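Given chain S, put chain V in place with the hints provided.
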Amino acid sequence: MNSLDDLYREIILDHYRTPRNRGELPPPAVRVEGFNPLCGDEIVVHLAVTDGVIADIKLTGQGCSISQASSSLMSAAVKGKSLEQVRAVISSFKQLMTLEESVDQSPANLRSLGEIAALQGVVKFPVRIKCATLAWNTLAQALDELPS
Amino acid sequence: MATFDARMVRGDIAQFNRVINNHPLTYLDSGATTLPPRTVLEAMNRYYELHHANVHRGVYQTAAEATAIYEGAREAVATFINAPGGAEEVVFTKNATEAFNLLAKSWGASQLKSGDVVLLSEMEHHANIVPWFQLRESHGIEVRFIGVGDDFRLDLSNLDELLRGVKLVSLTGMSNVLGTINPIKDLARAAHAAGALIALDGAQSVAHSATDVQDLDVDFLAFSAHKMLGPTGIGVLWARRELLEAMPPFLGGGGMIADVSVNGFTFAPPPARFEAGTPPIAEAAGLLAAVRYMSSLGMANVAAHEADLTADALTRLAGTFGERVRIIGPSNVVDRGGVISLDVQGVHPHDVSQVLDQHGVCIRPGHHCAKPLMKRFGLSATARVSFGPYSLVQDTDALLEALADAVSMFG
Chain S
1 MNSLDDLYRE
11 IILDHYRTPR
21 NRGELPPPAV
31 RVEGFNPLCG
41 DEIVVHLAVT
51 DGVIADIKLT
61 GQGCSISQAS
71 SSLMSAAVKG
81 KSLEQVRAVI
91 SSFKQLMTLE
101 ESVDQSPANL
111 RSLGEIAALQ
121 GVVKFPVRIK
131 CATLAWNTLA
141 QALDELPS
Chain V
1 MATFDARMVR
11 GDIAQFNRVI
21 NNHPLTYLDS
31 GATTLPPRTV
41 LEAMNRYYEL
51 HHANVHRGVY
61 QTAAEATAIY
71 EGAREAVATF
81 INAPGGAEEV
91 VFTKNATEAF
101 NLLAKSWGAS
111 QLKSGDVVLL
121 SEMEHHANIV
131 PWFQLRESHG
141 IEVRFIGVGD
151 DFRLDLSNLD
161 ELLRGVKLVS
171 LTGMSNVLGT
181 INPIKDLARA
191 AHAAGALIAL
201 DGAQSVAHSA
211 TDVQDLDVDF
221 LAFSAHKMLG
231 PTGIGVLWAR
241 RELLEAMPPF
251 LGGGGMIADV
261 SVNGFTFAPP
271 PARFEAGTPP
281 IAEAAGLLAA
291 VRYMSSLGMA
301 NVAAHEADLT
311 ADALTRLAGT
321 FGERVRIIGP
331 SNVVDRGGVI
341 SLDVQGVHPH
351 DVSQVLDQHG
361 VCIRPGHHCA
371 KPLMKRFGLS
381 ATARVSFGPY
391 SLVQDTDALL
401 EALADAVSMF
411 G
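Those protein sequence lines, which keep their order, are chains S and V. Position 60 (the first sequence) corresponds to 60 in the working numbering; numbering is contiguous. Position 102 (the second sequence) corresponds to 102 in the working numbering; numbering is contiguous.
Because the hints were derived from the structure by calculation, they are not lab data. Treat the hints with care, since some could be wrong.
No farther apart than 25 Å at their CA atoms in a straight line, the calculated lysine-lysine pairs in the BS3-like style are these [unchecked claim]:
{"no.": "1", "chain 1": "S", "residue 1": "130", "chain 2": "V", "residue 2": "375"}
{"no.": "2", "chain 1": "S", "residue 1": "58", "chain 2": "S", "residue 2": "81"}
{"no.": "3", "chain 1": "S", "residue 1": "130", "chain 2": "V", "residue 2": "371"}
Computed from a predicted structure; not experimentally measured.
The shape of chain S in the complex, shown without the other chains (with noise of 0.2 Å):
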């Protein structure tokens, strides 16, 4: 049976209570936004990158607690790492996403996404996955525009 426990880790709801970096960024930083049209959950996305490094994010939006504790554990997980390792997260998370067997669920490689490992609960919801990717989807999409 599914827990809501394994759904509203208390590390989610410590993210959703007090979400990290929330705000706005001046230009030059990049701003993206992200809609979930049906349910109505919202991320604003503001990235300054500097040498190939994400100096600073911040997040403004709105939503249910899954989307907004998503967006909080990004926002840590990524702060000043390199596009490079940015990418590799995105994409480990994306994975963590998936309902396919072949996904490794193994705790070592758990332990190696660090607190987003949290929101591996979230793929026993499946129409609650989307509630979780919106904000990654929206980094990545904030990345493709940044300026080359």
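For chain V alone, kept in the frame of chain S given last:
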């Protein structure tokens, strides 16, 4: 004589025997769709097993039977809504949304010109907004809105001004978010006095109280079968005969023509004019059974039952949760139906709904296809509870228990 016992209605619906997440099913999403009683499913099965044939023109016996079922549904609907011109005023569509599209794209596109005004309200469903916006783009009409006050009711203080230049007023009988029941009879009088017609969105209201188009004095009515214990896939646009006769076809194809040659076509009279192609025959059989079933319950009985449930739920929600749970809608049951939108402080509607699902309680989170209304009240979503004729006080008991769990989980 109508007899009504909500427990008997519940006994007619197998889904209530289900156990969801170790709890008996508590279905509180009738505003989205209602659960059909066995008689509706049996009617559809009977059609497919014994009478299945295409309607109209068939000479053999089963084709005549299928036609009798399909046209019988039209008759039953006409009686149910007291259509002055009888069955020929009832057009079958896919659902209420398609009925509004037919209204806008046939009546609107042929009768309205640039600068004409269609008056809606801020509490309309997108189905009664978007087709008019499309007509604004294609025909240059103006779309105007009646505001909603802080009391969750239409702000009619400047109605005379709003009605200036209006050709059509199109309003919901009951808000699918607020539960507010609008004074359609008064508004029909005002619309007609201003030289406008009035369309009624009955999607929410038809299943929960009597709808008499002559008493209300409306000109158009749209609704869906699946929100009144019937099947999905069939809805109704009712219009006064002379209005339908002036409307051009909506979709072209078989069944809607009078004659076709290599040079062109002429179209059939209403309602066939608007029903191109093989129609939803089994769904019409189901709708016919649903109309009979609802009539046997008595719409006044259904309305009274749901008013009791709503009054009880409103009182207990306020008593149990106080300020923590804000009700987005009128706080008493005067001119109010059994739709209760909740804004739980600190818990997003999707999370409320997720926790409730764990208790087997089905409610709906979201904007309910009424984004202008959400914006009016500064919300992105609500958690919506809605009753049906089979709802019982025990459903509210389960709701309150599950809601307490959601509130404590999020602190």
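Against the structure, the hints come out as follows:
| no. | hint | result |
| --- | --- | --- |
| 1 | S:130 to V:375 | holds, 23 Å |
| 2 | S:58 to S:81 | holds, 14 Å |
| 3 | S:130 to V:371 | holds, 21 Å |
Every hint, counting from the list given before, is met by this structure.
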